[in-house]
Amino acid sequence: MARNREGLVLLIDVGPAMHSVLPDVEKACSLLLQKKLIYNKYDEVGIVVFGTEETGNELAREIGGYEHVTVLRNIRVVDEVVAEHVKQLPRGTVAGDFLDAVIVEMDMLIKMYSAGQKGKKRMCLITNAACPTKDPFEGTKDDQVSTIATKMAAEGIKMESIVMRSNLIGDAHEKVIEENDHLLNLFSSNAIAKTVNVESPLSLLGSLKTRRVAPVTLFRGDLEINPTMKIKVWVYKKVAEERLSTLQLYSDKAPPTDKFAKHEVKIDYDYKVTAESTQVIAPEERVKGFRYGPQVIPISPDEIETLKFKTDKGMKLLGFTEASNILRHYYMKDVNIVVPDPSKEKSVLAVSAIAREMKETNKVAIVRCVWRNGQDNVVVGVLTPNVSEREDTPDSFYFNVLPFAEDVREFPFPSFNKLPSSWKPDEQQQAVADNLVKMLDLAPSAKEEVLLPDLTPNPVLQRFYEYLELKSKSTDAALPPMDETFKRIMEQDPELSSNNKSIMDAFRGSFEVKENPKLKKASKRLLRDKPSGSDDEDNRMITYDANKHKIDIVGDANPIQDFEAMISRRDNHDWAIKAITQMKKRIVKLVENCTDEGDKALECVLALRKGCVLEQEPKQFNEFLNHLFELCQERKLSHFLKHFTSKKITLIPKSEAPDSDVVDENADDYFTVKQEPMLES
Amino acid sequence: MELDPDDVFRDEDEDPENDFFQEKEASKEFVVYLIDASPKMFSSTCHSEEEDKQESHFHIAVSCIAQSLKSHIINRSNDEIAICFFNTREKKNLQDLNGVYVFNVPERECIDRPTARLIKEFDLIEESFDKDIGSQTGIVSDSRENSLYSALWVAQALLRKGSSKTADKRMFLFTNEDDPFGNMRISVKEDMTRTTLQRAKDAQDLGISIELLPLSQPDKQFNITLFYKDLIGLNSDELTEFMPSVGQKLEDMKDQLKKRVLAKRIAKRITFMICDGLSIELNGYALLRPAIPGSITWLDSTTNLPVKVERSYICTDTGAIMQGPIQRIQPYKNQNVMFTVEELSQVKKVSTGHLRLLGFKPLNCLKDYHNLKPSTFLYPSDKEVIGSTRAFIALHRSMIQLQRFAVAFCGGTTPPRLVALVAQEEIESDGGQVEPPGINMIYLPYANDIRDVEELHSKPGVAAPRPSDDQLKKASALMRRLELKDFSVCQFANPALQRHYAMLQAIALDENELRETRDETLPDEEGMNRPAVVKAIEQFKQSIYGDDPDEESDTGAKDKSRKRKAGNADDVKYDYIELAKTGKLKDLTVVELKTYLTANNLPVGGKKEVLINRILTHIGK
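Residue numbers (the UniProt record's numbering), protein chains in the order written: chain H, 1 to 681; chain C, 1 to 621.
In case anyone wonders, no lab produced these hints; they're calculated from the structure.
Some hints could be false.
Each pair of labels, with its calculated beta carbon distance range [unchecked claim]:
1. H:Glu-155 <-> C:Gln-403: 56 to 62 Å
2. C:Gly-353 <-> H:Glu-512: 20 to 26 Å
3. H:Ser-422 <-> C:Gly-207: 25 to 31 Å
4. H:Asn-373 <-> C:Asp-575: 24 to 30 Å
5. H:Ile-38 <-> C:Asn-529: 34 to 40 Å
6. C:Gly-620 <-> H:Asp-376: 33 to 39 Å
7. C:Lys-161 <-> H:Arg-220: 54 to 60 Å
8. C:Lys-161 <-> H:Lys-310: 55 to 61 Å
9. C:Asn-364 <-> H:Asp-426: 28 to 34 Å
Below, in silico cross-link-like pairs of lysine to any residue (SDA-like), each with a Cα-Cα straight-line distance of 25 Å or less [unchecked claim]:
10. H:Lys-120 <-> C:Gly-324
11. H:Lys-288 <-> C:Asn-223
12. H:Lys-266 <-> C:Ala-320
13. H:Lys-262 <-> C:Val-462
Cβ atoms here follow ideal geometry from the backbone N, Cα and C, with glycine treated the same way.
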């Protein structure tokens, strides 16, 4: 196995108590293997399950015992089969003994890779650790675990235990759990092992590190207190965004018969003096220009080289300051970690002394850093202590970049105290808010904290790989809907909200919000997603899903539906006006050709009225009605007009749309007044 | 829907969120600086901060503006500005009014974008002022001359340029005379006051805002109630707020001007869903973003004309130019899985663009490594949803009081992220706002973004060395000695940026010498060399390293990779020069090529051809 490859054994508890979470385990493991197929395709993978009815492992065959542990797959290079396999884990029937399984797995790793072989050996145990373990033949369990752990450390095997505890059933004995936790802890203190307790399927997905990145130092050198006192440190990235891989461009231009077609796409850049000219300039004939007011100043590479700011590699301490001086939101970038050079014991001590003292006194250090020689700029940042809880881990610092003076845009904002009192909460409202902040609690205790960033998977990546898998099977596979598990990061936990229903209701009741009636349709979308309890007929239009079929014209067949769909389109607020205009035309046509179709026209008018009220366009409607009225008079269509009163078609009064200049009383009698002379004639 | 592939893939390389904060329309600002040049501006002085000397009010006003111009040309070079003195001996203005002088340089309209030349000549204005422009009180009771009135008129005429819909128009008025018509006969005074105020009101009606930057006498505060409160239209509430912000010192003044010049802010609207059925409206502001030297425009090196870049996608099989959105592939399981651009953008769209509240946690749950990129500042708005501000303030107060932060899901960014909403109380000092009240939105990493580096450095079963009490005590003493006095987060100017602009300015203005830029980020050597500090460091060092400070003991595993590199650099097996001459470099392996590069301190990145070329260039030298 090569240096940078990994041999991984997944050790999965499939006992009855695990059945409910196995689908999520399958999901997590399959993502892990999928990524291996793409990024680390030479990594080797084995799968062991325990808690199965049957037994199938080498140790059982050789020396007996080790029952209910089954090797599903021996360690070999990752392939499609295993990626499929892991999605159909067997459901076991007995409570598994994880210690047995760990031994079987360690045996596999040791047999596979002799100690001298480089590369990383990792095992990943997924269990609820709620079943009793057997006593060893000799000695205590503690001794046994310590021996295994020491052996693992000697073999360079890393162990990751993911303990799933959300679904503990009543009969799980507290003692057993306590003992198991103790045993897992023993692993941690004797080997490179860590245990993650997860509560929800979401954190299960997040807890399995599916990306393997070889850690690379960003900097190795001195942290300079002053020229005589230097501490040897290494700097790594602590946080770096995992991005969607950049996909290659694909060309389908080559004829299908061309077997050697590469289907690659090359990107060419042409530099032209003007858009029209065909004259192309060679890249070296270009020179960089920088804007300075209206001018663009050309600067040759030589000038840049000689005049630019020059830096020398190094980390220099500027001094210490109160932690409260550095507000959290000033952190500018992803975070680095500064660890002492592991080979220099004195540096480890020096870092530890400063870090612990910083933590004790709430101080932070300000440093100036140049990671590489010739770097374009210096970085000023803050070191905060990272005091380790584990005995065997050296203390270190986190490093966060701070802004320069130029990076800050100081805008004054009105002080809350100076806002009008109608905008401020009263005592009762404040109490309700306090309650919400207290009770909608995501971290009732340190152990029960949910939505930890460290255990939260990225929904977009999860979805991409899921889609990729589907697409690899069928080219035109549809995009799968968002996995249910991820609802937990996109919406409030229904359990938490229902437990706090009275608090939420109180909050909703105390803080009424309403759309500003003075604003026009364009911006009126904020409150629309509010689930409406009322049976108000108007809501029909809001919920109409216009995006399904984008309707952009009010047709002959179903003018009302078209109009409603169009007016509720939110992709561009012009649609409302367009819909209204088209509807008007349609009505005029209907009226003009009207013989007996008066009903349809009337319905259209009603729909238009409703639409105009909703979009707060009273003028549009009122003027149109006026126009329609005149039109009818001209064409002697009085029978049509009669229906206006019976159908209660009136102008839109102020009470329905504040922008209207029709007083409520006048809205109704408008027609009767105007109709009078007509009736007489 | 036509999609630009760049748009879809852009978030791989840069933060599309920045776009939200970029101005959508080319909105710009027209500014007229009105500077009182009356003799009183020259005779009144205040104490300078830096050196022990007195500075005239005129000097303060002029240097403020000079500084403001320099930042204008860099940050907002589309804005148009004019500089206008009043109470001058000479006159120069389109209206030919007495006592008003519009300062300008050739190749520039009176109100125009700032140019290098304008900045250069304005820097020297004080030397030539007496000769070319001259100071002379322009408000004369008998002749009914009113230079303030004229100045407002000229400024308003200058600001006629540009539509008030797309541009903001402002005047900044610098003066130390709080009662310009004070010593006149009552009737004349009333008359002049009335006409001047009317002139100001006319300007304001045209959408021009007038901002006053008053300078106080050391012994007498500028009394805004005498005249100017009516001119700039302050009501009594604002009056009390206005005065403390008016400084006496140059630094205060610069600060004031800077803040007011930047008063325009670019916001992104955010819907914050607190619970089902309750959403409030917020505005997001990018208050902290790394400033970078302006974008590069490629020029033709012979003509210095801008070059247009055309990008074309070419199929390597057929040589045909590809049109429209190009499909993407991901090699997977021995096949190429294809995605259309549309499909990829759908994958990324996992939620609505809203900000959804999920719950609250104590502040100590937000770790120092939970950070990815600069935060976004949130401030409520009642513009569209009435009641937003109230709900926001209530949550804000509760969070501060209970020392908690909110966790929310922000669907508006790509990729969508969990965010921490940390309430920030308003912090004020010297009447200025240091931290605005509101909530800072901090973007949290996902599990896979976080790396477990600590684990890498653990040695299982072997306790890491920990400091003794004495060592801790020495560290503590050291930290006390090295305490930074009055440290503020962004006190350092970006040295590379400063250098870059100095370079631009020097080349643009044809100056022989580069303006000296100071690297403020270097440690304070003088302070570090104070005996007490040196002693504290020495003692700490002594406690850690013992008597023999140079002996750094090497324990634990050797750093293998480093050794490998170093070893390679030493054993140069080939005569590279000979190989280069005979063109046989290509027969070497990449590792062998890199050996040479490492040994000669050259970069080792790139493909083999690149490496060979690099070696050839190096040998060629």
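Outcome of the hint check:
Against the hinted window of 56 to 62 Å, the Cβ-Cβ separation of Glu-155 of chain H and Gln-403 of chain C comes to about 46 Å, which falls outside the hint. Our hint of 20 to 26 Å for Gly-353 of chain C and Glu-512 of chain H holds, since their Cβ atoms are close to 24 Å apart. Look at Ser-422 of chain H against Gly-207 of chain C: about 28 Å separates their beta carbons, and that is inside 25 to 31 Å. Restraint check, Asn-373 of chain H to Asp-575 of chain C: a C-beta distance of roughly 28 Å satisfies the suggested window 24 to 30 Å.
A hinted range of 34 to 40 Å is violated for the C-beta pair Ile-38 of chain H and Asn-529 of chain C, which are about 56 Å apart. The hinted window of 33 to 39 Å between Gly-620 of chain C and Asp-376 of chain H is violated, with their beta carbons roughly 26 Å apart. Between Lys-161 of chain C and Arg-220 of chain H the beta carbons are some 58 Å apart, a value that agrees with the proposed interval 54 to 60 Å. Range check, Lys-161 of chain C to Lys-310 of chain H: Cβ separation about 43 Å, and the 55 to 61 Å hint is violated.
Distance hint check for Asn-364 of chain C and Asp-426 of chain H: the Cβ-Cβ separation is about 31 Å, which falls inside the suggested range of 28 to 34 Å. Taking the CA atoms of Lys-120 of chain H and Gly-324 of chain C, the gap is about 45 Å. The hint is violated against a cut of 25 Å. Distance restraint check for Lys-288 of chain H and Asn-223 of chain C: the Cα-Cα separation of roughly 52 Å exceeds the 25 Å cut-off, and the hinted pair is therefore not satisfied. Between Lys-266 of chain H and Ala-320 of chain C the alpha-carbon distance is near 10 Å, which keeps this suggested pair within the 25 Å criterion.
For the hint pairing Lys-262 of chain H with Val-462 of chain C, the CA-to-CA distance comes to about 54 Å; that exceeds 25 Å, so the pair is violated.
Hints 1, 5, 6, 8, 10, 11 and 13 from the list above are not met by this structure, while the remaining hints are.
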